[in-house]
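2 protein chains.
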Amino acid sequence: MLNQVQATPGTGLDAFFKADGVAVIGASDDITKIGGRPVQLLRKYGYAGPIYPVNPKGGTIQGLQAYASILDTPTAPELAILAVPVEATLQAVRDCGSRGVRGVIVLSAGFAEAGPEGAALQAELVRVARNHGMRLLGPNCLGAVNVVDRLVGSFSIALEQSLPPAGEVGIVSQSGNIGSFTMRNMAERGLGVSRFIATGNEADVDVADGIAALARDADTRIILCCMETCRDAGRLIAALDMARQQHKPVIVLKIGATEQGQAAAASHTGALMGSDAVFDAVFRRYGVLRVRSFEELLDVGHAAALLRAERLPTTDAVTLVAASGGFGIMMADAMVQAGMTLPQLADTTRALIREAVPTAGTNNPVDASAQMSARPDILLKMLTALQNDANGSTLVLLLALSLYNPRLRGVYLEALSKIRASHPDRLLVIISQGPPDAVAEINALGIPVFPSIPAAASGLAGLVRLGQLTTLPTAAAYGGPVDGVDAAVFRNEFHAKKALAAAGISVPREEVVASADDAVRSARATGYPVVLKIASEDIAHKTEIGGVALGLQDDDAVRQAYDRLMANAREHAPRARLDGVLVAPMVRGGVELIAGVSRDPVFGPVVMVGLGGIYAEILKDVAVQVAPVSEDEALRMIRGLKMFPLLDGARGQPKADVAAAARTVARLSEFACRHAADVAEIDMNPILVKPQGEGVLVLDALMVPTSRNTSAH
Amino acid sequence: MLNQVQATPGTGLDAFFKADGVAVIGASDDITKIGGRPVQLLRKYGYAGPIYPVNPKGGTIQGLQAYASILDTPTAPELAILAVPVEATLQAVRDCGSRGVRGVIVLSAGFAEAGPEGAALQAELVRVARNHGMRLLGPNCLGAVNVVDRLVGSFSIALEQSLPPAGEVGIVSQSGNIGSFTMRNMAERGLGVSRFIATGNEADVDVADGIAALARDADTRIILCCMETCRDAGRLIAALDMARQQHKPVIVLKIGATEQGQAAAASHTGALMGSDAVFDAVFRRYGVLRVRSFEELLDVGHAAALLRAERLPTTDAVTLVAASGGFGIMMADAMVQAGMTLPQLADTTRALIREAVPTAGTNNPVDASAQMSARPDILLKMLTALQNDANGSTLVLLLALSLYNPRLRGVYLEALSKIRASHPDRLLVIISQGPPDAVAEINALGIPVFPSIPAAASGLAGLVRLGQLTTLPTAAAYGGPVDGVDAAVFRNEFHAKKALAAAGISVPREEVVASADDAVRSARATGYPVVLKIASEDIAHKTEIGGVALGLQDDDAVRQAYDRLMANAREHAPRARLDGVLVAPMVRGGVELIAGVSRDPVFGPVVMVGLGGIYAEILKDVAVQVAPVSEDEALRMIRGLKMFPLLDGARGQPKADVAAAARTVARLSEFACRHAADVAEIDMNPILVKPQGEGVLVLDALMVPTSRNTSAH
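Chains as they are written, first to last, in my numbering: chain B, 1 to 713; chain C, 1 to 713.
Careful: at least some of the hints might be erroneous.
For chains that are exact copies, the list does not tell them apart, and a pair is met inside one copy or across any two.
Below 30 Å or equal to it, Euclidean Cα-Cα: the simulated BS3-like pairs (lysine-lysine) are [stated by the list, open to error]:
1) K418 / K18
2) K381 / K33
3) K690 / K33
4) K44 / K18
Hint data in this document are derived by calculation from the structure and do not stem from the laboratory.
Could you build the full structure based on these sequences and the hints that come with them?
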């Protein structure tokens with residue numbers, strides 16, 4: 001469906017940000033209309049290139065010469081902004097193509113979101129645009145803005161009062177409203193914006209394009225992204241990878257985290273929703289920080305933009321300072337609950353603090369008392385002692401309402417400015433409610449200011465995760481051979497396990513037999529005790545029909561069990577095709593894991609691992625990741641399970657062979673990629689993890705074919 | 001230590017709020033000094049009674065006649081505010097007593113928080129005050145304010161600009177800073193305050209007094225409380241119970257929730273810290289809403305004050321409405337994550353919405369599109385349809401930045417005012433960032449406005465919990481007989497279980513025997529298979545020294561096991577006193593619970609119940625409550641366990657007898673109260689819970705004596 005140009009995200013988006021000449025098709029004199037606003041904003045904010053209002057009536061629009069058609073403009077504009085009625089859009093896009101336009105923004109609504117007719121028209125717009133080598137943004141979108149070059153291809157209400165200051169924050173949002181809200185709030189916090197792009201219906205340009213374009217954009221140092229859906233996992237992953245290679249932090253607010261939110265998103269965007277847990281896993285893998293609320297996006301985004309990637313904290317240690325004991329306790333609670341740690345201060349540091357502020361309590365949190373702000377030199381002395389402490393923590397200073405007091409404001413600003421000069425590389429953040437101009441002064445020193453204790457706690461935890469995420473190794477996509485599988489793997493566990501064994505996964509020695517005599521022969525060869533299980537592709541729950549016999553100790557028991565299992569199967573599943581009975585060794589001991597593969601509608605084969613039995617069922621204690629996963633990644637997944645202590649020697653048990661378990665998960669994930677065309681689901685349950693060095697055994701496995709494969713039956 | 005007056009919390013606090021006459025001892029002309037500020041604030045805000053500045057220099061202070069001693073004032077003031085140096089405080093308190101003062105506020109610091117000398121002086125202040133029948137607030141506190149009567153016994157910086165408007169919110173805070181911050185923020189949100197009391201060192205008046213006084217105060221309808229420690233559990237519980245009987249919601253920010261926070265609080269207040277989980281349980285039991293941050297205190301407190309107790313939501317159902325699909329998804333995510341539910345709308349409601357707003361999506365969240373605010377009548381029509389819907393949910397309307405637009409502001413205010421008039425009992429809340437005057441207008445309609453989606457989600461969830469908490473039955477304190485126990489219960493599990501059995505708890509038939517022959521006799525009487533366990537008060541971990549033999553099937557096995565166990569004990573625990581061997585039936589099947597009692601430093605005997613083994617250990621999946629607990633309460637504790645499905649028929653198992661388990665926990669808790677003087681800890685592990693109707697069996701139990709009891713050994 002995509003041609004070569006669209007396959008690499010971000011290609012061709014320069015037209016939206018760096019266009020030489022902009023035509024506004026459907027331009028209006030009325031600056032409250034969609035067709036009037038871009039003309040007004042381009043002029044008001046000083047876009048340097050030619051602006052061509054296009055309107056069949058011609059004449060002048062907002063003081064500019066208007067043209068009846070884009071074909072009449074004196075030069076060929078690189079960008080066209082369309083604000084024409086739905087029915088006129090297709091012709092306008094055709095005209096843009098003929099005129100050599102490079103990018104088209106369709107602001108108008110009434111396309112795919114309005115029904116099947118609109119969807120067909122939208123598809124036609126894209127076809128025409130691609131035929132002409134144009135990128136198309138929208139329809140039903142708020143457009144794109146290059147704040148640095150003052151190119152405003154948008155009618156966002158956030159631009160009504162003023163253009164945000166030019167800066168390093170790039171904003172990519174599917175929803176124009178949420179993107180506008182982000183831009184406005186960033187500007188209100190005094191932070192500059194580089195680019196804004198709202199992708200709306202995403203007929204052509206999508207969020208992945210936006211991220212990739214900003215990853216390559218020299219003005220942008222940090223990318224904030226609000227997304228609802230992902231239409232192409234490969235392009236999203238490629239874009240995130242580009243941003244990582246450019247060392248640009250990406251912070252994503254992915255909405256639709258709950259079932260109800262997903263249902264709302266699906267009905268809103270008409271796109272398939274992938275599993276939210278898989279989105280989490282993908283973001284983690286590519287070093288993207290996922291935030292859970294708009295406020296967190298702003299708090300972390302603001303702080304990350306101030307600090308930039310090279311100054312993000314690499315430690316979760318914080319030293320907390322407040323003038324009030326009560327606020328210190330509140331900070332300690334919030335920071336610990338957000339996953340931060342509170343190291344103690346060195347004795348020398350404590351002595352120096354007491355020298356500066358005799359009334360101070362020198363535990364962490366430091367109860368610095370009102371004395372700390374008596375004079376700038378006292379405060380500076382205390383801050384210097386704290387910044388010199390070898391614990392290397394981030395210093396968090398709570399000012400509450402102090403900055404509203406002119407004398408205190410002077411004390412704090414003088415001391416903070418000096419400490420930043422003397423310790424430029426040590427992290428320091430402030431918690432303060434304002435006033436805004438004092439906050440701006442502190443921000444200008446490169447010191448982030450959080451508006452509340454919870455904001456500081458979640459913000460700092462976010463910065464730490466951002467700092468750590470970028471150090472993880474990149475996961476490679478599957479690049480191995482792609483094979484079909486023998487259809488037998490879907491028939492019974494014996495064939496499924498044989499295929500897994502061929503992929504390097506440990507399974508017990510097993511055999512399917514078709515007579516009681518063969519069962520006895522096989523049991524002897526296996527060694528007693530043995531297990532017998534009915535082998536049939538039509539019987540999923542063997543236990544329930546009496547299809548399993550455990551702990552058989554001798555020939556007689558095996559012979560009787562064979563007959564009983566076959567009889568049970570014939571009675572309780574008369575139409576099941578029976579392959580016979582599986583003879584396997586009776587294995588005991590070890591810890592049970594489960595692992596499996598399923599098909600995510602967005603990301604394709606996804607591998608899952610969790611503790612077996614009740615743990616997976618009640619606690620939902622499982623980890624997921626897009627296949628393939630490396631052994632390292634699988635190990636991190638297993639170590640991250642809540643019940644991991646069960647594998648790690650809890651209650652005096654020997655430590656389990658988690659390395660072998662991780663290897664099994666990695667090989668399963670490769671198997672799933674290799675056979676993705678045929679195998680939709682794989683279920684390995686249980687996997688017996690034996691003590692360290694003794695490996696694992698996959699005791700049962702089940703594979704489900706893709707529907708293509710099923711229908712071939 | 002407490003006399004009768006102090007034993008009932010809140011008694012005698014009228015002196016701080018309704019005093020006829022106030023003396024300020026240590027009064028100053030300098031209004032920046034602690035001794036100058038109360039004089040200034042009393043005058044500035046128009047306190048109606050006589051104000052007597054007291055200063056040895058006499059003359060006039062801030063234009064008022066000053067007196068050299070409180071003994072010289074023309075009338076006897078009921079309240080005295082002390083701002084004298086530490087060393088002059090005791091004499092000042094004595095003088096207050098002689099003059100017939102009813103309440104003394106000691107603002108000065110330098111007492112218990114400064115060291116042992118200060119602590120001794122502080123104790124002496126209290127002794128003198130009590131001898132004179134005076135209540136003493138502080139020392140080291142920010143005092144008390146009656147906003148309604150403009151009686152300002154404080155030097156809080158929050159009062160510098162203005163007194164908050166008079167209203168129905170009472171504020172009780174140990175920390176003056178946090179209390180002031182709360183008062184200032186409430187006022188900024190346009191909400192009136194009735195009383196403010198900051199208890200500081202709590203030498204006499206504590207947080208419980210403050211809550212109880214506000215529970216009885218006619219001006220106060222809702223109580224916000226910030227606490228760090230609790231010095232007397234009985235008084236706190238009595239105060240919470242008073243508030244509940246008066247139907248006044250209590251919202252508590254209890255800081256020190258984490259170990260690090262507790263450590264900071266302990267070093268800050270010098271008080272013993274109880275377990276945070278026990279505080280949680282006590283708050284839940286008495287219908288108190290515990291919030292986790294200052295922001296949540298303000299958000300929920302503000303909304304609860306607007307709605308008052310009689311209009312709190314009783315359902316967790318919400319219908320969400322936004323003009324933007326993206327914001328609707330964000331709301332859905334946040335609400336569901338906060339525990340709210342999103343019911344669907346009736347078909348008739350959907351049709352009516354579409355009639356009003358043809359472009360609207362009528363799922364929940366409702367994607368109302370910008371059309372909804374085209375005209376007030378359109379919006380009103382949609383809101384009316386929503387409020388008439390039979391699902392009875394709380395309506396949440398997101399306005400984002402709309403109120404900044406004058407036209408939209410008009411539309412919203414008109415429609416909201418009409419819908420409140422037509423549906424006064426249906427709950428409606430708004431999410432909006434401002435502007436403040438528009439928010440105030442909406443608040444004035446009795447409609448809470450939350451500043452953000454997360455604030456609305458946690459705020460609404462808090463309101464629902466407040467609404468639900470008040471409907472729980474009150475727990476009675478233990479009122480039964482108080483007995484000593486036979487010291488034998490501490491000797492071995494046999495005697496411990498015998499005592500529990502006498503308290504109505506089911507234990508297996510068991511016997512301690514002192515010979516192999518007796519063991520065989522006992523085993524036959526019990527019925528095979530049996531278990532043998534070494535019986536010694538000196539051996540805590542029987543398994544580790546080979547002191548347990550399971551599944552013994554016949555006489556020979558019992559005889560051999562007896563000899564082996566005794567030999568093992570002599571070898572591995574040569575100094576242990578041996579009582580012999582316990583013979584018990586071998587019991588299998590069922591689900592294992594653990595339950596126990598421990599001694600909380602604040603709340604006394606606390607009962608705990610959880611799933612057995614690995615679950616308690618790794619998941620910390622336990623519930624706690626102050627003893628005694630009723631069977632109902634115990635059942636709620638068990639049903640609240642994460643792993644409760646294990647007892648409730650997970651994985652096709654029969655449902656376990658949770659009623660019997662709850663009865664066991666309730667009886668354990670009564671046993672603990674009855675014998676609180678002697679028994680410090682009880683551990684029942686495991687408790688076998690059999691299928692429904694078959695009861696439970698406590699298989700092992702251990703009791704630890706109180707240290708008083710131990711030293712009597």
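For each hint, the structure was consulted:
1. Proximity of K418 to K18 under the C-alpha cut-off of 30 Å is found in neither arrangement, the shortest distances being 41 Å within a copy and 50 Å between copies.
2. Proximity of K381 and K33 under a CA criterion of 30 Å is satisfied inter-copy only: 27 Å between copies versus 59 Å inside one chain copy.
3. With identical chains, the CA atoms of K690 and K33 are never at most 30 Å apart, being 70 Å at best within one copy and 73 Å at best between copies.
4. Only within a single protomer do K44 and K18 lie at most 30 Å apart by alpha-carbon distance; the minimum there is 18 Å, versus 62 Å between protomers.
Of the numbered hints stated above, those contradicted by the structure are hints 1, 3, listed in ascending order.
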